[in-house]
Every structure is written in structure tokens, then in C-alpha cells.
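Undergrad: With these hints in hand, go ahead and build the complete structure from the sequences.
One letter stands for each residue in the lines below.
There are 2 protein chains.
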Amino acid sequence: MELTDLATLSQPSERAILLLVLDGLGGLPLEPGGPTELEVARTPNLDELARAGTCGLHRPVAAGVSPGSGPGHLALFGYDPLEYRTGRGVLSALGIGFDLEPLDIAARGNFCTLDGDGLVTDRRAGRISSEAAAPLAEALDAIEVEGAATFVRHVKEHRFLLVIRPDTELGANLADTDPGQTGLTPRDLHVTNSESEPAARIVRTWLTEAAAVLSGQPHANMALLRGFSRRPSWPTFGEVFGVNPVAIAAYPMYRGVARLVGMEAIEVSDDLGSLVAELAARRTSHDFFFLHYKAPDKAGEDGDFERKVETLEALDTILPRLLKVGPEVVLVTGDHSTPARLGSHSWHPVPFLIHGGEDRADGVTAFGETACLGGVHGIVRGCELMPLAAARAGRLAKFGA
Amino acid sequence: MELTDLATLSQPSERAILLLVLDGLGGLPLEPGGPTELEVARTPNLDELARAGTCGLHRPVAAGVSPGSGPGHLALFGYDPLEYRTGRGVLSALGIGFDLEPLDIAARGNFCTLDGDGLVTDRRAGRISSEAAAPLAEALDAIEVEGAATFVRHVKEHRFLLVIRPDTELGANLADTDPGQTGLTPRDLHVTNSESEPAARIVRTWLTEAAAVLSGQPHANMALLRGFSRRPSWPTFGEVFGVNPVAIAAYPMYRGVARLVGMEAIEVSDDLGSLVAELAARRTSHDFFFLHYKAPDKAGEDGDFERKVETLEALDTILPRLLKVGPEVVLVTGDHSTPARLGSHSWHPVPFLIHGGEDRADGVTAFGETACLGGVHGIVRGCELMPLAAARAGRLAKFGA
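So the sequences go chain by chain: A and B. Counting from 5, one number per residue, gives the positions in the first sequence under our numbering. Counting from 5, one number per residue, gives the positions in the second sequence under our numbering.
I should point out that these hints are in silico values taken from the structure, not numbers from a laboratory. Keep in mind that this is a model prediction, so the values were computed, not measured. Careful, some of the hints might be misleading.
Copies of one chain are not kept apart here, so a pair can be met inside one copy or by any two copies together.
Here are the simulated PhoX-like pairs of lysine-lysine, each with C-alpha atoms no more than 20 Å apart in a straight line [said to hold, decoys possible]:
(1) LYS328 with LYS402
(2) LYS302 with LYS160
(3) LYS160 with LYS328
(4) LYS298 with LYS160
(5) LYS298 with LYS402
TA: Listed below in C-alpha cells is the structure:
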């Protein structure tokens with residue numbers, strides 16, 4: 005269902021919604037036929053919630069597709085990630101918590117190496133260390149061009165963010181300067197429509213200045229830009245679901261994607277107790293709470309099955325305190341699977357549970373991938389979870405007469 | 005997910021994929037509550053593959069829709085048959101293995117009967133026998149018109165294929181001449197855009213000649229044309245999934261639909277051993293193999309439950325030899341259901357299994373319609389199977405950052 009349809013159906017309700025995201029929740033068994041991380045973890049409180057509520061699995065993007073964090077969270081917010089797409093520049097800004105303003109044009113930058121003939125010999129400047137790259141990014145940040153403010157922020161290793169903040173609204177259909185392979189010169193900055201020519205002139209000037217700043221550096225003697233994009237103007241989460249939403253997250257990426265859909269975003273420490281405290285502090289001022297818990301994904305990415313189990317057990321111990329704060333409808337799931345066995349995000353469906361509101365019983369008595377297969381919801385798309393939670397909270401009116 | 009998106013995500017992998025299509029695989033019980041053909045068949049090797057792998061069911065086109073062979077196979081190749089459509093003329097050419105060239109305009113022809121006033125009295129010329137119709141098609145094949153080569157091939161009974169091969173590219177938006185009911189004259193050949201007028205002139209000339217050739221025949225004294233179409237230019241299967249694909253099939257229809265998506269196609273005999281030999285011969289030169297096994301569909305179409313059981317048991321006996329050749333990921337399914345009880349293609353979901361690559365366990369221990377309902381994949385669309393197989397083969401990169 006389109007967001008505009010959902011917005012039409014949304015109606016007020018006393019019942020608040022808690023979306024608790026255990027990042028990278030879904031897993032795989034270490035041995036064929038064995039239990040996953042979640043199935044090994046002792047999670048009596050999640051199990052009880054699964055037993056009292058209803059369960060299923062979701063595909064964040066599509067069958068067989070491993071989601072990035074951006075698309076995975078957009079899906080959980082109800083935004084179909086195949087439809088609601090953001091450029092690499094905007095994602096880069098989100099990832100480091102750079103607040104994009106409406107006129108801003110963001111690009112993902114790479115430090116690269118050019119030889120004496122101006123040909124790219126390394127598109128990542130020898131994967132230059134963060135320590136070496138950060139001062140270079142600072143030097144680029146000092147560049148001044150006419151017609152726009154420009155910002156450069158170091159991201160990690162060879163990666164940086166460039167933001168052009170023009171004085172007036174400019175077209176932003178700018179092609180990548182990254183030639184995509186070595187042995188070629190960086191591409192001249194091309195535009196795909198004439199309205200983008202003023203922005204192109206600004207970026208060309210910036211590139212000339214950047215070349216001068218980086219000239220003489222042993223590795224990172226030039227910058228390649230790609231994914232020019234502007235913060236999209238989408239229906240806000242608050243409009244779509246008729247709620248006053250707040251995101252509570254320790255990492256900038258997740259606050260960024262929440263702000264992208266118009267949520268207020270609160271920074272917390274990595275400590276689980278602070279999630280409870282921040283939720284409690286906003287219990288009366290807001291009626292939708294997105295809580296982000298990063299630890300399971302990090303353990304999964306590290307290929308550490310045991311640690312992922314422990315992160316889930318740790319979350320389980322604070323669950324009663326979260327529930328005591330009292331949002332009436334609780335949705336617990338992940339933005340994608342991160343099986344320790346693979347050490348990466350994967351395409352496998354993610355278990356979810358919904359507690360609160362009216363539904364039929366399913367026989368699920370534990371929160372786990374295999375158990376959730378037997379849940380009443382079956383396998384749904386990630387962007388279908390929010391409508392299910394909203395319905396359970398009495399927040400969706402009848403469609404049609 | 006769009007094919008262009010999949011193409012962006014596809015990445016190289018050492019793992020090859022075998023798509024083994026048991027045509028018309030899905031069935032129905034003879035008595036309510038009884039077993040299907042597949043459930044009656046003793047298939048220890050398929051059962052073992054289902055046990056070690058993961059299972060589900062797929063809908064080739066849409067809920068309640070019985071697929072033709074073309075759409076059924078397009079779905080298995082990852083092409084949504086609701087989006088990727090071919091005209092009846094092109095399907096007719098595929099069905100008899102006529103190799104369409106890019107400029108060719110194909111139409112499905114029917115021999116029909118006109119009365120003395122030129123009104124259609126039978127749109128199928130009394131369902132004229134193949135023996136009687138073949139010489140008429142040969143006579144039509146001899147027609148020569150200016151500006152194009154023309155080809156006529158008999159298909160079956162009153163059906164034939166007309167191909168116009170113009171000297172230069174011509175528009176092909178030509179309307180049917182079949183009036184769709186008796187008591188009317190054949191429709192004049194109309195065009196829906198002016199670029200198609202040159203092709204229309206050629207077809208009108210051909211129709212005049214055809215009327216002269218058929219004049220005086222007792223039943224088949226005229227031809228009706230419909231479904232004018234050109235071979236579509238779609239993204240190729242190789243581009244979309246980043247593989248070097250080969251189709252191995254005994255029947256022209258299936259080689260034709262494989263060629264339509266750019267696969268190389270190899271003709272084999274009906275003998276199951278030759279499927280193994282041809283697969284083995286291409287094990288190193290290709291990394292995607294589509295093997296087609298026609299027998300279950302033929303038995304189903306004949307309403308022969310026992311013979312369909314036998315065809316599945318026969319396939320099962322050669323499965324170990326196919327697996328020994330060794331593509332790392334194996335997908336076994338059908339292009340649609342052909343229950344012997346109905347004697348026709350049907351809309352019932354088709355069981356599938358995927359073996360190889362990482363996944364969770366399901367409790368499925370036998371390959372059958374009811375057992376597959378408990379599989380980890382649930383019920384998916386037919387066009388989602390290839391992304392699932394590609395993911396298992398490590399051939400799909402992460403979507404978004």
C-alpha cells in the first residue's frame with residue numbers, strides 16, 4: 005500500500021507503538037540443521053512476548069537481496085526501499101550524522117592516486133589510513149568557492165563526504181567523476197540536465213581547488229566524487245502514521261535515516277539502561293518510539309556467534325524494564341539478518357513479533373527464526389510491519405465504505 | 005525487484021547454478037485428501053535433496069492464474085511474466101523453434117472458412133487436420149511480396165506461423181484481422197501508428213495472395229492473423245545474473261524461450277542420460293544450466309496419474325548423476341502444475357527445493373506439495389526463485405549502504 009493511502013487511513017489512538025530494532029537480528033546455524041544465534045540465546049522475556057503476541061518473518065527488500073542499513077530501516081519505517089531510494093551522497097551524510105539542509109547537494113568522495121599523466125592509478129589511494137586521511141579532509145573543508153558554502157567531512161579511510169550548500173536552489177543531476185577503473189583520467193563533471201549546470205560550475209571550481217590542496221601528497225593527490233544527491237522530500241513518518249515519533253539511537257547512521265523520514269532523533273550512549281531512561285523520559289510527549297540496538301549486528305559482522313548470542317541475552321534482560329515504560333504495542337525485529345557464519349548482512353528473512361492489540365493466537369512459544377515460520381503473519385515484506393503495528397494500535401481506519 | 009536492479013547487484017562467484025525444470029511438476033490428489041503424483045512417486049534422491057536443502061512453493065504468474073509454458077519459464081528465469089510479455093506471434097515462433105531475427109514481424113495464423121459473401125463461418129476451418137493443413141501452409145510459404153521475405157510454418161491443425169522479414173526496420177503495431185466471431189468479414193488490416201503503415205501494406209499484399217492461393221479449398225479458404233509482434237529486446241539473463249547460461253532441452257519451445265532471454269540453447273534427445281552428458285560437457289564453459297524435462301507435463305496433460313508418477317521416479321533415478329556433475333547450487337521445480345486429474349496446466353502453486361549455499365534448516369524431509377508448505381521460503385512468486393538461487397550462490401551484492 006502506498007504511503008499516501010496509509011496517510012489517508014491513519015487515525016488517532018491512545019495506544020503508543022514501540023519499534024525495537026535488534027540490528028542484524030536474523031542468523032544462521034553454525035552447522036546445517038542446528039540452531040541460530042537467536043535460537044541458542046536464552047531469551048525468556050522475548051519468548052514470553054512471542055508467546056503472548058504474534059510472530060512472523062519479514063524480507064526487508066526482496067527475496068534473495070541483502071539489505072544495507074539504510075534500506076533495511078526504511079522498510080521497518082514502512083517505506084518500500086525499492087521505491088524510496090537515496091543517493092550515495094545522502095547515505096554518506098546519514099552515516100556520519102551530517103544534517104543535510106533542503107538545498108544541500110551531497111556527494112560521496114574518495115581520495116585517489118593520479119600518476120604524472122593524470123591517470124588514476126588507485127581509486128582508493130592505497131586504502132589510506134583514517135589517520136592520514138582525516139587531515140586531508142580538513143584541508144579540503146577549508147576550500148571556499150563562490151555561490152555556495154562547502155563542507156568536507158572525513159568518513160573512514162579513503163572515504164569522505166562533500167556537501168555543497170548553494171545560496172539558491174540548484175539542479176543536482178551531476179554525473180560521477182569516478183571513472184570506475186584505473187588507467188583513465190577522472191571524468192569531467194557532466195550534467196544530465198541544463199538546470200544542473202550552475203551546480204556543476206561550483207563543483208568544477210571546488211575540484212580545481214581540491215587538486216591544488218592535494219597536489220604533492222604521495223598517495224591521496226586527488227579526489228573522486230560520486231552519488232551526487234539531495235535529501236529527498238518524502239511524506240514524513242508522522243504524516244503517514246499520524247504519530248509524533250522519536251528515534252533513540254547511539255549511532256549516527258540510524259538517527260540519520262530516522263531524520264530522513266522526519267523523526268526527531270535522540271543520541272544515547274551504547275549502554276542499554278540509557279535506552280530505557282530515554283524511552284521513559286519521552287513516554288508522554290511522543291507516541292511512537294524507534295529504539296535501535298546495534299550490538300547484535302556488530303557481533304555478526306565480526307563473525308562472532310557466541311558474542312551475538314550474548315548481545316541478544318543482554319537485551320532480553322532489560323526487556324521487562326522497557327515494557328514497564330508501557331507503549332501499548334511493541335514490535336521487535338531486525339533491519340536485516342547478519343549471521344555470524346557469514347560475517348555480513350544477508351538476505352535471509354528476519355523474525356519479528358508484535359505484542360499488544362488484538363490478534364489470533366499462533367502456537368509460537370519462543371522467539372526464533374524457525375519458530376516464527378509458524379506465526380500467524382507468515383513471511384511479509386519489511387514495509388508491511390508498520391501497517392500491522394499501526395492496525396494493532398487502532399491507528400488505521402477502514403479502507404473504502 | 006526490477007531486472008535492472010538485479011543486474012546492478014549481480015557479482016561474480018565460483019558457484020554455478022543448476023535450474024532443473026520438471027515440466028508440469030505440481031499435481032492434485034485423485035481423491036480429496038489423497039497424495040499428489042509427486043507425493044505418490046518414490047523419489048528418495050529428491051527427498052534427500054529437500055531434506056538437506058530448503059523448500060517452498062511458487063506461483064509462476066499470480067494467484068489463481070494457470071500459466072502457459074512461455075510465462076511459466078520466464079518466471080523461472082526471473083522475468084516477471086506480468087511485465088515481460090510477448091506477442092502471440094513471437095510465442096508461436098518460439099513454440100516451433102523458428103529463429104526470429106531482430107527485424108522479423110511474427111503473427112499467429114488460423115485457417116478459416118468464408119462463405120460466398122466473404123463472412124467467416126468457421127474461425128478454425130472445421131479444426132482442419134494437420135495432414136490437410138500442412139500442404140496449405142507450404143503453399144502460403146511460397147507467396148512472394150515486395151519489400152520483405154515471408155515465411156509460413158505449419159504449427160498444428162488450423163494454426164500456422166507467418167513471419168514477415170522486411171528489408172529495413174518497420175513499425176509493427178498491426179491489429180488482428182481475426183474478427184473474433186463468426187458472421188463477420190475478416191477485419192481489414194489496421195495500424196495503430198503511422199510508422200507501421202509500410203508493414204501493413206506488405207501484409208495486405210500477402211493476404212490478397214493468400215486468398216488467391218486458398219481460393220476453392222473446401223474448408224480452409226482464408227487465413228486470419230493475430231498477435232503481430234517482434235522479438236522483444238529485454239535485458240539478457242546473462243547480464244541480469246552475471247552468468248554464462250546454457251539451456252539444455254529436447255523441445256523447441258523451451259530452447260526458444262531460453263534464447264528469448266539470450267541463453268545459448270542446446271538440443272538434446274528425450275533420453276534422460278543425454279541431459280547428464282550435455283550438462284557434464286558444459287560444466288567448465290558455463291556457470292548456469294537450465295535443464296528441461298518434459299515428460300511429467302505430457303503425462304499430466306494426458307490425464308495419466310500413474311505415468312506422471314513414473315516420469316518423476318525416472319527423473320529421480322538419474323538425479324545422483326546430475327548432482328555428481330556438480331553445480332554448487334541446485335534449484336528443482338516446475339514451470340507450472342499439470343495435475344493429471346485436470347489434464348491441463350493449472351494455477352496451483354508449484355513445489356521447489358534449493359540445495360547448496362547457506363540457509364536455515366526447515367523440517368521438510370520429502371519433496372512434495374504438502375511438505376513444501378512447511379519450508380523456510382513459504383509461498384513466493386516464480387520470478388523470486390532466481391534471486392534466491394543467485395543469493396545462495398553468492399552472486400548478489402548488498403542493496404544500499
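Undergrad: For every hint, state whether the structure bears it out.
TA: To see whether the hints hold, each was checked on the structure:
no. : hint               : in the structure
1   : LYS328 with LYS402 : neither (31 Å within a copy, 37 Å between copies)
2   : LYS302 with LYS160 : within (16 Å within a copy, 60 Å between copies)
3   : LYS160 with LYS328 : neither (39 Å within a copy, 46 Å between copies)
4   : LYS298 with LYS160 : within (19 Å within a copy, 55 Å between copies)
5   : LYS298 with LYS402 : between (36 Å within a copy, 19 Å between copies)
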